[in-house]
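Chains as they are written, first to last, in UniProt numbering: chain P, 1 to 314; chain X, 1 to 314.
Bear in mind the hints are in silico, worked out from the structure with no lab data behind them. One should not assume that every hint holds.
Copies of the same chain look alike in the list, so a pair counts if it fits in one copy or across any two.
[Said to hold, decoys possible] Listed next, the in silico DSSO-like pairs over lysine-lysine satisfying Cα-Cα at most 27 Å (straight line):
no.: 1; residue 1: LYS264; residue 2: LYS193
no.: 2; residue 1: LYS178; residue 2: LYS121
no.: 3; residue 1: LYS193; residue 2: LYS220
no.: 4; residue 1: LYS67; residue 2: LYS220
no.: 5; residue 1: LYS220; residue 2: LYS45
Protein chains: 2
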Amino acid sequence: MMTRNEAADFLRGADHILILSHQYPDGDTLGSATALCRGLQKMGKHAMIRCSDSIVPKYQYLFSGVKEEEFTPESIVAVDIADLQLIGEPNRSLYGDKIDLCIDHHPSNSDYAKRTCLDAKSAATCEIIFDLLNLLGVEIDSVIADSLYTGITTDTGCFKYINVTPATYRIAADLVEKGADGHRINRVMFDTKSRARIGMERCVMDTIRYFYDNRVAVIKITNEMIKSTGATEGDIEGLASIPRAIEGVMIGVTIREKSDGGYKISLRAQPPQNASEICAVFGGGGHAGAAGCTFNTSMEEAESQMLAEIGKHL
Amino acid sequence: MMTRNEAADFLRGADHILILSHQYPDGDTLGSATALCRGLQKMGKHAMIRCSDSIVPKYQYLFSGVKEEEFTPESIVAVDIADLQLIGEPNRSLYGDKIDLCIDHHPSNSDYAKRTCLDAKSAATCEIIFDLLNLLGVEIDSVIADSLYTGITTDTGCFKYINVTPATYRIAADLVEKGADGHRINRVMFDTKSRARIGMERCVMDTIRYFYDNRVAVIKITNEMIKSTGATEGDIEGLASIPRAIEGVMIGVTIREKSDGGYKISLRAQPPQNASEICAVFGGGGHAGAAGCTFNTSMEEAESQMLAEIGKHL
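Whole structure, please, built from the sequences with the hints as guidance.
Shown next, in the form of structure tokens:
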């Protein structure tokens with residue numbers, strides 16, 4: 001484990017840096033990657049970003065300030081990637097055993113990199129990147145500020161999740177002062193829905209079922225729904241917050257059919273329930289409030305195993 | 001107009017203080033009143049709060065730290081009340097011409113009080129109260145912090161509106177440090193849906209139809225839906241924002257069956273479209289962004305008349 005100062009020292013000495021984002025990229029991994037990439041480029045270094053999955057349109061503005069480069073990497077940095085598995089293919093096969101530095105905030109981080117700068121108290125990896133850029137003396141311009149703000153607001157559900165700390169608000173204040181357009185970013189991230197998204201919400205609402213005296217709500221996402229609505233990854237993101245939002249629900253369960261078979265379960269829990277502990281039983285991980293795991297069984301089997309485990313914790 | 005320092009001086013010299021909140025009280029007027037009342041009580045002063053309307057259950061926690069008092073007021077302070085009209089009855093008749101100090105952030109404030117401490121750059125009146133309590137040397141405890149945080153988050157739509165400034169985030173940081181439970185407050189204010197509300201959303205999503213190259217989306221709310229889901233008025237509030245939030249939609253139309261027959265249409269428009277102009281054609285009114293009108297026809301007739309009128313404006 002590395003301190004922020006040590007991670008900044010490492011970056012200061014590095015060049016031709018490849019930055020990896022995790023698969024199914026979200027605002028925090030892309031905000032971290034683009035802010036860091038732009039910051040390193042401002043220092044005169046060569047830096048580029050690679051992600052195993054394509055970037056959904058709503059995140060493409062994050063790349064507007066990043067110079068596209070192509071080179072043979074000398075140093076590889078993973079941002080917001082808790083485990084090798086989450087790098088996705090092809091990047092995992094290409095770079096999985098060569099990660100020089102991992103910058104992350106997931107308590108479940110599996111320490112797979114040569115160096116790890118982990119701060120599980122940070123609400124978003126972007127908070128750590130903010131500190132690193134300051135340590136590196138990079139002036140945070142409005143494009144970097146937009147990237148960092150995006151990671152912070154998406155990983156906190158617009159300052160709503162339990163992971164928000166005073167530091168989260170203070171960094172947001174600084175970013176807005178540097179020119180981050182929080183109003184526009186939050187509207188795009190939280191208040192604009194595609195027709196396909198509306199279609200997906202309608203489909204998953206039809207699947208809601210309640211268990212354990214309505215303390216647990218379960219929704220399902222199938223490949224058939226995704227196909228019929230034309231939903232992209234971006235349209236599916238955040239659907240897992242629907243069951244959690246229901247009055248009286250302590251644990252929200254989202255069962256998603258994977259395109260390559262099997263099921264991914266996302267848990268959202270209210271304290272004192274711990275989503276990470278429950279998912280760990282099935283080899284998964286995450287945070288107390290939000291965690292996930294996968295099943296290579298039928299949907300019914302995945303659901304019943306998960307519900308049985310949840311029952312032990314309620 | 002008074003500075004914060006002058007307003008603090010006035011409060012320091014006052015006692016037996018009556019604090020007024022505005023009618024249809026929201027998080028900011030109640031957060032301001034409860035934080036100020038508790039602060040003054042902590043200074044050893046007598047203070048009480050009056051509001052012309054009753055307090056809905058979700059705001060009642062704000063009063064938990066306030067000592068209930070009854071006395072003949074010597075000083076009257078209005079918080080977050082832009083105009084005499086908004087005090088509501090009976091308080092307007094009782095106290096309207098005797099307001100010693102108004103503390104407010106509305107640019108439209110009509111300067112009706114003997115003294116006015118107005119800061120239109122503050123996202124919430126609670127931001128001003130925060131500064132006043134600090135000037136008065138009141139230690140902000142977790143109960144006061146909860147009140148102030150509530151006003152700030154509700155008046156900014158959870159840090160989403162364009163009124164948010166760096167100061168908003170910095171005050172939120174301080175309040176969370178003093179013990180405000182932002183996570184719980186935001187969950188109650190923004191992320192808790194009753195099962196009936198979820199049922200209503202599911203029903204109205206099944207009715208979404210698109211017109212004019214998807215620039216107009218229409219949803220319907222029937223008495224049958226309300227009956228079958230057991231929805232209250234609170235569960236129906238805000239459903240009209242669903243069609244507006246759809247990507248590419250310029251005008252969102254919500255047609256609601258009235259319990260006494262006929263239909264109410266709520267329009268939500270993105271600039272340059274003007275909801276008020278369109279509704280005015282049918283004898284209704286409102287703002288450019290949100291307006292309404294009623295029809296004493298069949299639902300089909302109401303819809304087709306409205307769509308025909310909208311077509312002239314697109």
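Check your understanding: Checking LYS193 and LYS220: alpha-carbon separation at most 27 Å within a copy, between copies, both or neither?
Key -> Both, since 19 Å and 18 Å are each at most 27 Å.
Exercise for review: State whether the alpha carbon distance between LYS178 and LYS121 is at most 27 Å within one copy, between copies, both, or neither.
Suggested key: So LYS178 and LYS121 pass the 27 Å test inside a copy (24 Å) and across (18 Å) alike.
Review point. For LYS264 vs LYS193, is the C-alpha pair at or below 27 Å within one copy, between two copies, both, or neither?
Key: Answer is both: 23 Å inside a copy and 25 Å across each meet the 27 Å cutoff.
Check your understanding: Quick one: LYS220 to LYS45, C-alpha cut-off 27 Å, is that within a copy, between copies, both, or neither?
Key -> neither (45 Å within a copy, 56 Å between copies)
Review point. Is it within, between, both, or neither for LYS67 and LYS220, if the alpha carbons may be no more than 27 Å apart?
Key: neither (40 Å within a copy, 48 Å between copies)
This entry does not satisfy hints 4, 5, going by the numbered hints stated previously.
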